[in-house]
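K.L.:
Turn these sequences into a full structure, and let the hints steer you where they fit.
One line per chain: the protein sequences are A and B, in this order. Under my numbering, think of the first position of the first sequence as 1, with each following residue one higher. Under my numbering, think of the first position of the second sequence as 290, with each following residue one higher.
Please keep in mind that the hints were generated in silico from the structure rather than gathered at the bench. Possibly wrong hints are sitting among the right ones.
Claimed, not checked - Quick look at which bits of chain B chain A covers, simulated, 3 or more residues with Cβ under 8 Å:
#1 514-524
#2 539-550
Said to hold, decoys possible - Some but not every residue of chain B turned toward chain A, in silico, with C-beta under 7 Å:
#3 A500
#4 D510
#5 P511
Just so it is clear, the structure is predicted and the values come from calculations on it, not from any experiment. Backbone N, C-alpha and C define an ideal beta-carbon position, used for all residues, glycine too.
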Amino acid sequence: MLGLLPVGFLDSAPVQHALVIGGFAAVVAALVGVPTLLRGQAFVTDALAHVSSAGGALAPLIGINALGGFVLMSLAAALGLEAAPPRQRAERDLQTGAVFGAGLGVAALFLYLDVTLPGGSGNAVGVLFGSVFLLGASDILPAALAGGAALALLALYLRPMLLASLDPDLAAVQGVRLRRVGLAHLAALTLAIGLAAMTVGAVLSTALLVAPAAAALVLTDRPARALMLAAGLGLAGMWGGILMAWQSYVWTAGHAWPASFCIVAVLIGLNLAATLGRGLWRLGRRGAA
Amino acid sequence: MTPLTRGAAALALAALALSAPVTSAQAAGTGPLRAVGIENQYADVIAQVGGAHVQVEAIEIDPNTDPHSFEASPKIARALAGADLVVLNGLGYDDWAEKMLAAAANPARQDINVQHLLKLGDDTPNPHLWYDPGTMPAVAHAVAEALAAKDPAHAAEFRANAKVFDAALDRWRQAIAAFRSAYPGTPVAVTEPVANYLVAALGAKVMTPAALELAAMNDTDPAPQDVAAQEELFADKAVKVFLYNRQVTDDLTRSFLDMAKRHGIPVVGVYETMPQPGFTYQRWMEATTAAITAAVAQGTSTERLVPGQ
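P.N.:
Dropping the structure here:
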């Protein structure tokens with residue numbers, strides 16, 4: 001199986017780091033994505049992901065790790081949303097939109113300061129769209145800590161999260177503390193966003209959270225199966241994308257395509273395949289009946 | 290920021306500057322001419338040619354920031370609108386200035402676009418023209434003619450100053466010639482193409498993959514194959530010196546720097562804009578060439594020309 005991989009692929013240090021950190025990030029993001037979609041929070045995820053770009057831009061200015069910056073800013077935005085619980089569902093969208101806009105405005109400021117202040121990175125493309133091949137051994141520990149914390153929160157609160165997403169009133173009757181569960185979910189979500197942003201950038205991190213979970217929920221209704229499927233699809237998207245980026249070097253005569261594009265392209269391909277596959281399976285069943 | 294949005298911002302600023310009242314020296318008819326060098330190395334040449342008759346301002350002077358990503362402010366738009374002479378690099382290196390000048394067209398102002406002066410096509414891949422020994426003498430003579438047109442009373446002085454400037458580059462040209470004959474075909478590694486015209490003048494060869502140089506310059510994702518090729522250059526000691534751009538650094542360039550040091554490859558810090566204080570254009574080029582020579586001859590590193598930058 002490994003013999004099918006192109007020569008030098010697994011020997012390259014940037015590829016090794018990308019496979020390990022990117023693969024872990026993709027699995028964590030996909031797992032957190034499932035309860036997030038069941039709770040109907042795709043838009044909140046997108047907003048928090050975009051707002052995290054402000055943190056990624058702030059990180060070099062205050063001398064912290066980019067992952068810390070991403071998590072810090074999306075957590076701040078999440079707490080801001082949580083501090084003002086909406087009275088109706090439509091109001092949540094309004095609040096999310098407002099936080100979205102405000103966060104991107106702050107990102108514009110920090111990205112500008114990155115370019116113009118001494119010591120800033122000036123790497124706006126990297127903050128927004130990521131550079132998975134720039135990850136190094138020093139990124140492994142922070143990634144493991146953030147991902148481990150997200151998985152721990154998920155393990156502790158998965159049942160109440162799922163119950164609350166399916167029927168909040170029933171969950172409340174059964175003694176589920178909705179507020180605490182909501183906070184735990186937001187914390188796991190921001191950690192997963194930070195981790196995903198580290199690999200494919202703040203803007204594209206939504207794709208790692210939403211695409212595998214969405215494909216999994218197309219294929220199955222059962223949460224446990226959906227979680228496993230999402231993790232597998234996320235990993236396949238990340239590793240497939242890294243392989244595609246490596247191969248693009250050959251197709252483009254050394255020009256190469258950005259890894260983030262390749263990763264998202266494979267993820268979307270898997271999503272389309274899942275939707276098509278389910279449609280064909282249903283057609284087949286109807287034909288048989 | 291994309292060039293498109295940057296351009297739009299620059300145009301808006303230029304429009305603002307146009308609506309401001311222009312009270313330049315030329316309008317008053319007396320006092321020194323006002324000139325702007327977009328990069329401080331061009332401002333230095335204007336100052337050397339213009340002497341006491343020209344008041345020069347430089348826009349891009351901070352050696353710790355990346356000029357490629359520079360953005361203009363309303364203050365700069367006003368400086369450009371009130372200038373009698375502007376020297377810019379061209380080739381997209383300072384396209385914000387190009388757009389601003391086009392938007393604030395002023396027939397009385399002399400614009401010298403170094404790219405056009407040297408008749409270089411827009412497809413020229415390396416914009417760092419001032420590292421080419423042929424560039425600044427041509428700029429100095431063009432500046433002298435432009436100043437002479439604005440201030441004919443001092444024309445002879447401007448032309449004489451340009452000749453003095455050109456002659457002052459002899460020491461640099463001699464150092465280049467000495468290197469060429471002593472160390473022909475020296476292999477070098479770089480982070481991006483900042484000093485590549487000088488490398489070519491020295492008869493040396495850049496071994497770094499061209500796509501990797503462009504990835505570092507344009508902040509895009511590097512191909513792992515190119516990263517591996519660069520790392521092999523260090524591990525195999527296949528290069529004699531590593532030219533490290535001090536103004537554009539990120540995790541990738543820093544990892545190359547660590548690797549070069551680990552394998553005992555001498556490092557020379559190179560700059561996009563003229564380091565300050567203590568440098569003229571001539572001294573900067575001489576110091577860089579001397580540092581490269583010392584690296585190849587004695588294996589010594591010169592990571593910085595100025596402490597802390």
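K.L.:
Hints the structure violates: just list their numbers, smallest first.
P.N.:
none
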